[in-house]
Amino acid sequence: MSIADWTEADLGVPGHVLTVVRAPSAVLSTPSPLVDPASPEVVQLAADLVATMRVSPGCVGLAACQVGVAAHLFAVDVSSHPKTRTSHGTFVLCNAEVVEATRKEKGREGCMSVPDLTGDVKRATRLTVRGLLPGSGEELVVETDAFEARALQHEIDHCGGFLFLDRVAGAHAIFPRQTYQ
Amino acid sequence: MSLIAVTVIGHDRPGIIADATAGLAALGLNLEDSTMTLLRGHFAMMLICSGDRSPSEVEGALAPLAADGRLQVSARAVPEEDGSGHGSLRPYVLTVHGGDRPGIVSAVTGVLAAAGGNITDLTTRLTGDLYVAIAEVDLPADADADDVAVRLRAAGEELGVGVTLRPQETDVL
Numbered sequence: 001m002s003i004a005d006w007t008e009a010d011l012g013v014p015g016h017v018l019t020v021v022r023a024p025s026a027v028l029s030t031p032s033p034l035v036d037p038a039s040p041e042v043v044q045l046a047a048d049l050v051a052t053m054r055v056s057p058g059c060v061g062l063a064a065c066q067v068g069v070a071a072h073l074f075a076v077d078v079s080s081h082p083k084t085r086t087s088h089g090t091f092v093l094c095n096a097e098v099v100e101a102t103r104k105e106k107g108r109e110g111c112m113s114v115p116d117l118t119g120d121v122k123r124a125t126r127l128t129v130r131g132l133l134p135g136s137g138e139e140l141v142v143e144t145d146a147f148e149a150r151a152l153q154h155e156i157d158h159c160g161g162f163l164f165l166d167r168v169a170g171a172h173a174i175f176p177r178q179t180y181q
Numbered sequence: 001m002s003l004i005a006v007t008v009i010g011h012d013r014p015g016i017i018a019d020a021t022a023g024l025a026a027l028g029l030n031l032e033d034s035t036m037t038l039l040r041g042h043f044a045m046m047l048i049c050s051g052d053r054s055p056s057e058v059e060g061a062l063a064p065l066a067a068d069g070r071l072q073v074s075a076r077a078v079p080e081e082d083g084s085g086h087g088s089l090r091p092y093v094l095t096v097h098g099g100d101r102p103g104i105v106s107a108v109t110g111v112l113a114a115a116g117g118n119i120t121d122l123t124t125r126l127t128g129d130l131y132v133a134i135a136e137v138d139l140p141a142d143a144d145a146d147d148v149a150v151r152l153r154a155a156g157e158e159l160g161v162g163v164t165l166r167p168q169e170t171d172v173l
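Residue numbers (the working numbering), protein chains in the order written: chain A, 1 to 181; chain C, 1 to 173.
Keep in mind that a hint or two might mislead.
To give an idea of the chain A side of the interface with chain C (calculated C-beta under 8 angstroms), a few residues [as the list claims (entries may be wrong)]:
no., residue
1, A23
2, A70
3, D116
4, V168
5, H172
6, I174
Think of the hints as simulated: they come from the structure by calculation, not from any bench. Everything numeric in this text was worked out from a predicted model, so none of it was measured. The beta carbon of each residue, even a glycine, is placed where N, CA and C say it ideally should be.
Model the full structure from these sequences, guided by the hints.
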C-alpha cells in the first residue's frame with residue numbers, strides 16, 4: 001500500500017492522549033530500541049501518538065520517546081502546515097531509517113519537548129525513508145521533500161536519542177521562543 | 001589610533017545602545033566589532049572601538065548611562081590582535097544539554113582545552129530545568145575529533161548531560 005492511504009483507523013484501536021515529556025529527561029537522550037510493529041503494545045502506542053499529536057496545537061510529529069516510551073516509532077502529519085509541499089497525511093512508522101538525504105537547507109525548528117527554545121537546523125529537503133507500518137509490519141519507502149522531510153528527520157533523530165539542539169548550526173542558532181501579545 | 005574595549009551591563013531599557021553609541025560617536029570613535037544580548041533579562045554589550053581617545057575619556061562620555069546606578073560601564077585599552085598564528089584549524093559545533101547543575105561548562109570545556117580546542121563562540125541558556133550550551137570550537141587539524149567526541153560524551157555522562165560534537169558546515173558561495 002501507499003503510506004498516503006494509511007489512516008489511524010487501520011490500527012483498530014482508539015488512541016489515548018498521553019503526557020509529553022520535556023528535556024531534560026533521560027528517555028529523550030537515549031537511543032530507542034527497535035520494536036515489533038505487530039505487537040499489541042506498539043499498535044496501541046501508535047494510536048496514542050496520533051491522538052496526542054492531534055490535540056497538540058501546531059504539532060506535526062511525535063516520537064514515542066516524547067511520551068516517555070523508549071520505542072523506535074513516531075507519528076507524523078504535516079498536511080496542514082504552510083511550509084509543506086509533499087504530504088502523505090497522517091502516518092506512523094516503526095524502526096524508520098533514512099535511505100537517502102540530499103539538498104540541505106537551513107530552517108527554524110521547535111519541539112514540544114523543548115518548549116522554550118527554537119533553533120536553526122540544516123536538513124535535507126529531498127528525503128527517502130524506509131520503515132514499517134504498525135500492525136501489518138509492512139515495509140514502506142516514503143519519498144518526500146520540504147517540510148515533511150524536515151519533520152521525518154526530526155522524528156528519526158528523536159528515535160536516535162537526539163534533539164534539534166544536537167543539530168543546530170552554531171552558537172547563535174538557538175533562540176528563546178517568544179510569545180508576542 | 002588605539003583600541004578600547006567597552007562593556008555595558010545591567011538593567012535593560014529602550015535606548016541603551018543609542019545612548020552609548022552617541023557618546024562614542026561624539027568622541028569620534030569608530031565602532032569595530034560588537035555584540036549585545038540579553039542575559040536573563042539583563043542588557044549585556046561588549047564592543048571594541050578605535051580612535052585617539054583614552055579609556056578615561058570614554059568612561060567620562062558614557063557616565064550618564066551609569067548615572068542612575070542600574071548600568072555598569074567600563075572602558076579599557078586593549079592591544080591589536082592579528083587573529084593569526086593559530087595554525088591549521090577545523091571548525092566544529094558542540095552541543096551540551098541536560099539537567100541544570102554546577103560544573104557542566106567547566107567539565108566539557110576542560111576536555112576541549114586539553115585537546116587544544118579553542119572556543120570561538122559560546123551561548124548557554126537555562127530554561128526551566130533544561131541547561132543548553134552551544135559552542136563553536138576550532139580543533140587543531142591534527143586532533144582526533146572522534147576521540148575528542150568520545151571523551152566529551154564520557155565527561156557528559158558523568159554529569160548526566162548529552163554532548164554532541166560535529167563538524168561545522170560552511171557553504172562558500
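For this session: Report the numbers of all earlier hints that the structure fails to satisfy, in ascending order.
Result: Hint 2 is the one this structure does not satisfy, whereas the remaining hints hold.
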